[in-house]
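With chain A held as given, fit chain B onto it using these hints.
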Amino acid sequence: MSAKAVDRYQEGRWGAALLVLATLAIWEGLSRGGIVAAFFFPAPSSILEALARSVRDGSMWPHVSATLSRVGLGVLFGAVPGLGLGFAMGWSPRLRVLLDPIVALLHPIPKLAVLPLVMIIFGLGETSRIVVIAIGVFFPMLINAMAGVRQIPAVHFEVAEAYGGRRRHVFAHVILPGSLPSVLTGTRLAFNIGLLLTVAVELITAQHGLGKLIWLAWQTMRTEDLYAALLVISSLGVGFNVVLEQLRRRLVPWHADRSR
Amino acid sequence: MRITAEKLSKVFQHRDRTIRAIDDVSFTLGNGEFVCVVGSSGCGKTTLLKLMAGLLSPSSGHVSVDERPDDGRPATALVFQENGLLPWMTVIENVALGLRLNGCARTERRQRAAAQLAQVGLASFAESYPHQLSAGMRQRVNIARALLVDPHVLLMDEPFAALDALTKLALQEELVKLWAARRWSVLFVTHDIDEAVRLGDRVLVMTGGRGGHGRIHEDIRISLARPRDLVSRATPEVVEISQHIWKVLEDEVRRPLAMAP
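Chains as they are written, first to last, in this note's numbering: chain A, 5 to 264; chain B, 258 to 518.
Extracted from the complex, chain A is given alone in its bound form (with noise of 0.2 angstroms):
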């Protein structure tokens, strides 16, 4: 980046905490002044009130792990199978053949929808939800797996083997590091859809977790404790972003210059 390049990127920076600044402030004054109803829209003041209320009393902390688990949990049995067949179907034509079709077909479900038929098969427990989610963050990651695999150009498959590389060498020199940035995309991906699906099962069934906090909160008209619910979830999902872009940075030199 080039020195004026920053400066305009740190102004943008500055403008954008800003407008965040000012839009809650106006929102604070619309709402306290009555002019906006609390009940719909209560002040940024008394969400954060009841946030750090329901951190206080430790009630924040049970849905918040029984969420994360369940993100955890769902990414790892979703992701790594997504992750492998991706390569596979990426490194083998014919195995893309086969099952491409299969993929195409299953890919566009709207994963929530085999929530019921996952709860026939599996019962109503945890293991359900885990299902579920494992299935909505498979496919990005499989189709972003393939992809970078597909996008390596021939020519460093030919260099590898022409320097004597075994299969072996081939994956490990080639095909994982050059669809690593797809990867790591994928990887963002399934966190992302992981947390959102995590979040509409447990609105629909669920013991604890963030869906289930929102949930009672609108049984009970607790706006407050809604928005609250919401604030958590938004601050999850950037949570996510922020360690796997650092994760990027870190994993992917040879892309530095280009990023931004």
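These aren't lab readings, by the way, just hints derived from the structure by calculation.
For glycine and all other residues, C-beta sits at the position ideal for the given N, C-alpha and C.
Don't take every hint at face value.
[What the hints assert, rightly or not] Within a straight-line C-alpha distance of at most 16 angstroms, the following computed EDC-like cross-link-like pairs (lysine to aspartate or glutamate) qualify:
| # | chain 1 | residue 1 | chain 2 | residue 2 |
| --- | --- | --- | --- | --- |
| 1 | B | LYS307 | A | ASP104 |
| 2 | B | LYS504 | B | ASP451 |
| 3 | B | LYS307 | A | GLU162 |
[Claimed, not checked] Rough simulated footprint, nothing fancy, chain B against chain A, three-plus residues with beta-carbon under 8 angstroms:
| # | segment |
| --- | --- |
| 4 | 49-57 |
| 5 | 83-95 |
For chain B alone, kept in the frame of chain A given last:
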């Protein structure tokens, strides 16, 4: 060591189309010889090189190696066109690739790669990534990588095609100097007639064009003395040979152009 192509043919099957990319090609590359292959794009030059490197297997005919000393050196190593470096490896890792894939320990291969890098003048770029280098520097790395495995025959696939004219001249001189010192054999594929005539002991003129049927039309010996001055090269002999090759290739190059509206 001598490497011989005997009646090589390579047929590609493309859906319902059959393309005979290489059609009955025979030639011998003698020990220490610098042979250039010149032809228009699509005439099968790169296919020929891949057959010689063993990256492709011929549909018929074969490549044979004679009088190969039992010194453990590989028969061939390939210098790729641009983009031949792996972008996720640093320069020194790229150079050491051949040693690494053949089980050479890290310390040793890095030492040898560093020495080879120094020889092509890039010692201080060892830890850079390829995208941080100029096109000319990248091709030096590409050459260093091939030289490090110490092959009997250096196979080069239009290595300087993407370079500007001045960088190209500099790299041609460097290559000839390295070759004069070490005397591996070189099979150098190019579409640049002048380059072929200036560098080669022999020039194989390939015809074929897009439709396939790549053949060696002529095998011309260039009897200019070495070391050659690559800059002031316009001796009557060079001009005459270049003109002759152009006449052979001209029709092929012009044909597709003439069909354009």
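The hints, checked one at a time:
no.	hint	in the structure
1	B:LYS307 to A:ASP104	violated, 32 angstroms
2	B:LYS504 to B:ASP451	holds, 14 angstroms
3	B:LYS307 to A:GLU162	holds, 10 angstroms
4	49-57	violated (count 0)
5	83-95	violated (count 0)
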